[in-house]
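These protein sequence lines are chains Y and B, in that order.
Each residue of the first sequence is one higher than the last, beginning at 13 in the numbering used here.
Each residue of the second sequence is one higher than the last, beginning at 16 in the numbering used here.
Pairs of lysine-lysine, DSS-like flavour, derived with a Cα cap of 30 Å:
no.	chain 1	residue 1	chain 2	residue 2
1	B	Lys164	Y	Lys96
2	B	Lys164	Y	Lys97
3	B	Lys125	Y	Lys96
4	Y	Lys139	B	Lys164
5	B	Lys149	Y	Lys139
6	Y	Lys163	Y	Lys139
7	Y	Lys96	B	Lys112
8	Y	Lys97	B	Lys112
9	B	Lys149	Y	Lys97
10	Y	Lys97	B	Lys125
11	B	Lys87	B	Lys125
12	Y	Lys96	B	Lys149
13	Y	Lys96	Y	Lys163
One side only, chain B facing chain Y, incomplete, derived with CB under 8 Å:
no.	residue
14	Asn153
15	Val154
16	Pro161
17	Leu168
18	Glu169
19	Asp170
Simulated from the structure, these hints should not be mistaken for laboratory data.
By construction, the Cβ of each residue, glycine as well, lies at the ideal position given by its N, Cα and C atoms.
Take a look at the letters that make up each chain.
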Amino acid sequence: MSIQIADAPPGIQGQGFFATSLDKAVGLARANSLWPLPFATSCCGIEFMATMASNYDMARFGSERLSFSPRQADLLMVMGTIAKKMGPVVRQVYLQMAEPRWVIAVGACASSGGIFDTYSVLQGIDKVIPVDVYVPGCPPRPEQIIDGITKIQELVKNEPLRRRNSAEYQALMASYGIK
Amino acid sequence: MGSLSNQEIINHIQEAFPNLLVSSQESYGMMTIEVQANQVKNLFQFLYSNPALQFQFLTDLCGIHFPDQSGKELGVVYHLHSLVNNYRIRIKAFVPKSNPQIESVCSIFKSANWQERETFDFYGIEFLGHPNLKRILNVDEMNYFPLRKEYPLEDQHRTDKNDSYFGR
Chain Y
13 MSIQIADAPP GIQGQGFFAT SLDKAVGLAR ANSLWPLPFA TSCCGIEFMA
63 TMASNYDMAR FGSERLSFSP RQADLLMVMG TIAKKMGPVV RQVYLQMAEP
113 RWVIAVGACA SSGGIFDTYS VLQGIDKVIP VDVYVPGCPP RPEQIIDGIT
163 KIQELVKNEP LRRRNSAEYQ ALMASYGIK
Chain B
16 MGSLSNQEII NHIQEAFPNL LVSSQESYGM MTIEVQANQV KNLFQFLYSN
66 PALQFQFLTD LCGIHFPDQS GKELGVVYHL HSLVNNYRIR IKAFVPKSNP
116 QIESVCSIFK SANWQERETF DFYGIEFLGH PNLKRILNVD EMNYFPLRKE
166 YPLEDQHRTD KNDSYFGR
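Just chain Y, with the same shape it has in the complex (with noise of 0.2 Å):
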């Protein structure tokens, strides 16, 4: 068994010392260490159980840790159907979220209310948190769960340190009501 090591991001090398941009060593470190917060609702948080456990094994992607405390988690993995009056939940434990933090939707309901379009369910986690990838499926696979963790690590590795700062970034949050 070979241990995999993160490549270094590209940078100068002598001897005895590697320079790079700063933005590149913390995307790397936060990218290969996410903690992911499941929020599980129904059969996408069975595929993601599958996906956690040895024969997919999300762990080899650095997500060793499943947090279930939003306070300390980095990713929020949105998995199932969010009823209307989930929804202010959701929403609430994305706010106890510490920035930087991220959002994946997986499967149809999450992503879009599936095929539970009617009165009581929630069409799409976007209408009340903002989401960075979307998994679609119903459910969707364990490696499709792990390509789009694979996706977010790659948001996650070459994010600007100041896009939380941007203008745009605030607009963003503004257009969801959080400050």
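Since chain Y is already given, all that's left is putting chain B on it; use the hints.
Coordinates of chain B only, in the frame set by chain Y:
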């Protein structure tokens, strides 16, 4: 079925409330009676406490909407069970949509509390005398009664359902 017969029950009810019964029918051995909505509470008190009947278990309470049945569009359906007699009965009472009010039976059956709230939530039937009549399953901000037939089932805020994709 137990020792009671459907006809006996009708006789009991007609004796106590001469003008209450609207109609009665039997399907698969279970009797359905329709009654005037204005005396529901008295009827239930009678069915509960009459020693020969003892309908002391409210199995179910739900609403129904018949948009074409003018003057009695909204209905409440009660299912009662007499455990002593091993006997079931279904009772319907209809109210007009313009004034959907009916007496609450909470004071007789504690279990009616949440079921009446649910019926109010989905059909807007007001149960007079209910201790806490407010929405129970839907979000509090909802401003209509979703199971009434005049409202579309689909959520009206959906943006990804472009009709042109579906050939409409």
